[in-house]
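Q: What follows is the residue order along each chain.
2 protein chains.
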Amino acid sequence: MQINLAIDAMSGDLGPRTNIAGVLLALLHDPLLSVTLVGKKSLLQTLLLQHHLSCEFAARIYLLASDDVIGMDEAPASVLRNRKQSSMHLAVKLVAQNLCQGVVSAGNTGALMLISRHYLGMLSGIERPAISTAIPTYKSHSYLLDVGANIACQPEHLLQFALMGSVMVSCVEGKVKPRVALLNVGHEAIKGNSLVKEAANLISQHPCLNYVGYIEGDKIFNGDVDLVVCDGFTGNTVLKTSEGLARYLSGQIQGLFHQNGYSRLVGFMAKPLLQRLKQQMDPVRYNGGSFLGLQGCVVKSHGNADAKGFSFAIMRAAIEARQGLAAHLQLAMKKQHLPNETC
Amino acid sequence: MQINLAIDAMSGDLGPRTNIAGVLLALLHDPLLSVTLVGKKSLLQTLLLQHHLSCEFAARIYLLASDDVIGMDEAPASVLRNRKQSSMHLAVKLVAQNLCQGVVSAGNTGALMLISRHYLGMLSGIERPAISTAIPTYKSHSYLLDVGANIACQPEHLLQFALMGSVMVSCVEGKVKPRVALLNVGHEAIKGNSLVKEAANLISQHPCLNYVGYIEGDKIFNGDVDLVVCDGFTGNTVLKTSEGLARYLSGQIQGLFHQNGYSRLVGFMAKPLLQRLKQQMDPVRYNGGSFLGLQGCVVKSHGNADAKGFSFAIMRAAIEARQGLAAHLQLAMKKQHLPNETC
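Protein chains in written order, with the working numbering: chain A, 1 to 343; chain B, 1 to 343.
It is possible that some hints are incorrect.
Note that identical chains are pooled: a pair holds if it fits in a single copy or bridges any two copies.
Lysine to aspartate or glutamate pairs mimicking EDC-like chemistry, simulated, CA-CA at most 20 Å apart [to be verified]:
| # | residue 1 | residue 2 |
| --- | --- | --- |
| 1 | K219 | D13 |
| 2 | K219 | E243 |
| 3 | K84 | E198 |
| 4 | K191 | E74 |
| 5 | K334 | E56 |
| 6 | K191 | D73 |
| 7 | K93 | E188 |
| 8 | K139 | D224 |
| 9 | K84 | E188 |
| 10 | K139 | E156 |
| 11 | K84 | D68 |
| 12 | K197 | D73 |
| 13 | K93 | E56 |
I should point out that these hints are in silico values taken from the structure, not numbers from a laboratory.
For clarity, every value in this text was computed on a predicted model and none was experimentally measured.
Taking the hints into account, I'd like the entire structure generated from these sequences.
A: In structure tokens:
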């Protein structure tokens, strides 16, 4: 199915050069994808020219001019009100106007969230959007949400995250009744704070959810569950700690093969293996935080994602847009309010 | 300085055989250390005999009989009331009676906390004990607290954790004015939940603390701060996630060197390097959660720590006991309540 995604081309720490390289990787990977790059037109044109694209390839890239870029540290509320011609505003508006089927930005997360809520609106029955991301496991990958949209949560919010995440996993991964777990400090029923305990009560009783109980931090990479639910403060901390630790351990490995002549020789021989390892350890593979709960497809790329990382976020948006994730979510939310409805 | 530590020899998932092996490693490492093993006397004697210890060495090991062992999943409150002859009770009592200078257990954390509070009492001015642990960094290591004693915290508790942690780092590491950071989802002042924001307000104004601001999860391994403060829910999740990820990545590395003939050859050549790496990645190196806020030295070893891990927890307790950490903490807590006292 052909789709067109809006790309906030000016966003992210590494800027348009990296984003365009990422866009081209995604276009190469997905022949039915086209994109609308939003940003400084002359700059984008110059960067595109450097890639010597074929006419056929270039025809899949549209440009929309915007000379304003939202900074990473700007206050979201002020940005929402005052920067209506920025690349982020215009990119999200393309989805609201049905001109694009999804949007990808590596910019200011809070601003992207507010702007997306403003133009796209929330699904009925959902109070707060949540950000979901894939995490690697021994078996393949599972999903974690919320990873930062909701810093202070009530039990009902965690129930909504579980419902949205469950529909997302079903829709995107084709899994029937995904296994949902709540992140906690122990697996026993007495463990945890009141938020987790009350959320467990709500989630375990919901007929549409396949709740499998609490999960501790050291088990989330085992792949025994499909979805790990937590508040945004905890999820954000888990995600960032994992990134930091993977980077630290990767550095330790590199250092190990540079200690002396022998280790350098082994390091030389092991180079192809180490490169594969680096890819496996690279959080970039799972780059792309999906905003769930909006009436439209919005994916946030990591602020310092490289071209490959940015292309993963685009591919993530392409899957969600093609599967009609937002419509599936809306249907699921409506269904659960009907009497005697089975899930 | 000669000290004697009480060892809850029956504790932990791996039991007395592993614990005794760990005790012997610690005794080898520290010639001025002696221990009192608390547990099933005949079993401990049999296990000790298997090591063919010299008389001199055996003279540094005392035994105290207890036939009751507290299970890992038993309810702490019931254990406190009803299991007064258990190895954990008797081991902690040895410290309360000044017969030992500290206690190490790999048993039920909640039970160890309640029993320790009961027999040792809290330092005046401290409402809740906190568990602190060392974490590896690029530069050496820093400390994280609370990692699970306090699941629901108020801002004042985080201030107390910061004060206790700061004194601990000064005392054990010899650092003047340790750099204290609060774990948060962003470094900007507007980021975070109300707990973190109010705690930042209290900690930043305290004259005894060298507060350096918020720290995000991906920065805690950089070594730019000496102490990372958070509530016990977040800290426990950070710690367990790190353990799980390190185990996952370690597995990926092992798998990488077993894929084909070439990788097996490189793996064979890289074996000494990989073993060093395994040691570096091994959370065992930093095994030992210190209970801060008690009138005595209590260290919790990880439930599934091996002999080496258990020996690290014992060595941790030995350092804290020798430095008189509990007394230093008490002094610091008293000082801050005196008018015009400088820190």
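Q: When the hints from earlier in the document are held up against this structure, which numbers fail?
A: 3, 5, 7, 9, 10, 13
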